[in-house]
Amino acid sequence: MKAAIFEGAGKPLTIGDIPSPDPGPHELVLKVKACGICGSDLHCTEHGPFTLPEGSVMGHEFSGEVVGLGTEVQGRFSEGERVTALPVIIPPIPPVGLEDAEPWMRPDMQPIGLGQVPGAYAEYVRVGVTQTKRLPENVSFEQGALVEPLAVGLHAVNRAEMRSGDNVLVLGAGPIGLASTAFALRMGAANVVVSEMTDQRRALAESVGATATIDACGNVLEQFAEKTGALMPDVVIEAVGIPGMVQQAVDFVKPRGRVVVVGVCQQQDQMMPMVAIMKEVGLQFVLGYEPRDWDTVLSFIASDRLRVDHLVTDRVGFDAFPDAFEALRTPSTQCKVMLKPE
Numbered sequence: 175m176k177a178a179i180f181e182g183a184g185k186p187l188t189i190g191d192i193p194s195p196d197p198g199p200h201e202l203v204l205k206v207k208a209c210g211i212c213g214s215d216l217h218c219t220e221h222g223p224f225t226l227p228e229g230s231v232m233g234h235e236f237s238g239e240v241v242g243l244g245t246e247v248q249g250r251f252s253e254g255e256r257v258t259a260l261p262v263i264i265p266p267i268p269p270v271g272l273e274d275a276e277p278w279m280r281p282d283m284q285p286i287g288l289g290q291v292p293g294a295y296a297e298y299v300r301v302g303v304t305q306t307k308r309l310p311e312n313v314s315f316e317q318g319a320l321v322e323p324l325a326v327g328l329h330a331v332n333r334a335e336m337r338s339g340d341n342v343l344v345l346g347a348g349p350i351g352l353a354s355t356a357f358a359l360r361m362g363a364a365n366v367v368v369s370e371m372t373d374q375r376r377a378l379a380e381s382v383g384a385t386a387t388i389d390a391c392g393n394v395l396e397q398f399a400e401k402t403g404a405l406m407p408d409v410v411i412e413a414v415g416i417p418g419m420v421q422q423a424v425d426f427v428k429p430r431g432r433v434v435v436v437g438v439c440q441q442q443d444q445m446m447p448m449v450a451i452m453k454e455v456g457l458q459f460v461l462g463y464e465p466r467d468w469d470t471v472l473s474f475i476a477s478d479r480l481r482v483d484h485l486v487t488d489r490v491g492f493d494a495f496p497d498a499f500e501a502l503r504t505p506s507t508q509c510k511v512m513l514k515p516e
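If you're matching positions, the sequence shown starts at 175 in the numbering used here and goes up one per residue.
The hints are simulated quantities; they were obtained by calculation from the structure and are not laboratory data. There could be a bad hint or two in this list.
To be verified - DMTMM-like mimics (lysine to aspartate or glutamate), calculated; alpha carbons at most 20 angstroms apart, straight line:
id	residue 1	residue 2
1	K453	E316
2	K176	E220
3	K428	E400
4	K176	E396
5	K514	E276
6	K514	D282
7	K307	D373
8	K514	E500
9	K176	D196
10	K307	E255
11	K428	D469
12	K514	D497
13	K401	D443
14	K185	E400
15	K205	E239
16	K514	D483
17	K185	E380
To be verified - Derived Cβ-Cβ restraints for the label pairs, each shown as a range:
id	residue 1	residue 2	range
18	S194	T487	28 to 38 angstroms
19	E273	T504	28 to 38 angstroms
20	Q458	P223	19 to 29 angstroms
21	P429	A275	50 to 60 angstroms
22	D191	E335	20 to 30 angstroms
23	S506	P429	30 to 40 angstroms
24	P505	I451	16 to 26 angstroms
25	T504	T188	26 to 36 angstroms
26	S506	N393	43 to 53 angstroms
None of the values given here were measured: they were computed from a predicted structure. No residue lacks a Cβ here, since even glycine has one placed at the ideal position from N, Cα and C.
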């Protein structure tokens with residue numbers, strides 16, 4: 175099958191042929207219909223401690239059509255069904271003591287698209303049956319491929335333990351920041367202000383319901399106070415993922431406020447713990463999501479309570495994919511770029 179292959183740090187992806195996957199007993203094979211590019215994929219192709227092995231196929235935000243069934247999944251899914259899936263394969267019997275562990279916390283899990291199981295920058299992808307979710311009739315393949323990043327944003331908001339009427343500051347208006355913005359509003363925030371450097375992404379933040387946007391290049395707290403009447407936010411969601419952002423979030427949040435770190439920074443960073451100590455800041459790091467977050471996102475999209483089509487700004491086939499991937503290292507007007515294999 176055709177796939178986009180990682181050839182090494184500093185090198186562009188190449189389009190080549192690799193073996194098509196066969197499903198294990200508790201697995202499915204999907205024909206990929208849409209797969210989004212995630213910022214963490216870009217980080218994993220750069221020099222650093224988490225660089226992917228050469229020959230890896232990335233892609234963990236996807237949807238597709240069932241075309242292959244494992245021997246133990248007969249009757250649970252049928253060929254031709256439209257689905258999305260959590261990008262992790264988990265054996266059906268968990269280790270003793272980890273029966274209730276979340277997918278990402280299981281030591282026996284295999285992530286899809288991160289160097290172990292080949293991902294969905296390809297014509298076909300192998301997934302676990304218990305992690306697969308049917309798409310409602312009125313949910314498109316592109317919307318299905320957006321469920322993964324949207325679920326990350328929902329999980330970040332849930333972990334913020336936000337209270338009704340809170341004033342929230344979101345740092346960054348990439349897909350995860352936008353998802354966090356949308357769900358913070360739906361969870362009862364009084365104000366959700368998004369700090370972002372680019373005009374285009376500030377406009378996207380407004381389109382998902384941000385009560386206000388501010389220019390990250392200016393004085394963020396002054397602008398926040400002007401927009402909300404509150405001197406400092408109750409909750410700061412850090413969705414940028416570069417060195418220095420955790421410290422900024424701690425600086426911005428009010429005393430005894432809460433900081434949620436959902437931006438994926440894969441470089442060493444520094445912060446001043448004394449600032450957080452003096453303010454008794456609650457600092458929460460976030461990894462992925464829970465399976466129920468996917469169910470919630472699918473329900474919101476299917477019932478038209480969350481409109482996300484406009485977040486897909488670019489659609490490319492395999493021929494244009496390597497260039498589109500590289501262009502996201504210095505994004506301008508892009509939000510979510512989708513590989514459409516067909």
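*Straight-line Cα separation of K453 and E316 no greater than 20 angstroms?*
Given pair K453, E316 is violated - Cα atoms ~43 angstroms apart, limit 20 angstroms.
*asked:* 30 to 40 angstroms was suggested as the range; check whether the CB atoms of S506 and P429 agree with it.
replied: Holds: the Cβ-Cβ distance is about 38 angstroms, inside 30 to 40 angstroms.
*Has the given pair, K428 with D469, been kept, meaning a C-alpha gap of at most 20 angstroms?*
violated, 33 angstroms
*Would the pair K401 and D443 pass a check requiring their Cα atoms to be no farther apart than 20 angstroms?*
Cα-Cα ~30 angstroms, so violated.
*Is the hinted pair K176 and E220 satisfied, with a Cα-Cα distance of at most 20 angstroms?*
violated, 23 angstroms
*Would you mind confirming whether the straight-line C-alpha gap from K428 to E400 stays at or under 20 angstroms?*
holds, 16 angstroms
*E335 and D191 - C-beta distance against the hinted 20 to 30 angstroms*: Since D191 and E335 have Cβ atoms about 48 angstroms apart, the given range 20 to 30 angstroms is violated.
*asked:* Against the range 28 to 38 angstroms, how does the distance between the Cβ atoms of E273 and T504 compare: consistent or not?
replied: The hinted range 28 to 38 angstroms is violated for E273 and T504, with Cβ atoms some 45 angstroms apart.
*Honestly, do S506 and N393 meet the 43 to 53 angstroms range at C-beta?*
violated, 24 angstroms
*Given the hint that K307 pairs with E255, test it: the Cα-Cα distance must not exceed 20 angstroms.*
holds, 10 angstroms
_Please verify whether K185 and E380 have alpha carbons no more than 20 angstroms apart._
violated, 36 angstroms
*Could you tell me whether the CB distance from S194 to T487 stays inside 28 to 38 angstroms?*
holds, 30 angstroms
Comparing the model with each earlier hint shows violations of hints 1, 2, 4, 5, 6, 7, 11, 13, 14, 17, 19, 21, 22, 24, 25, 26; every other hint is respected.
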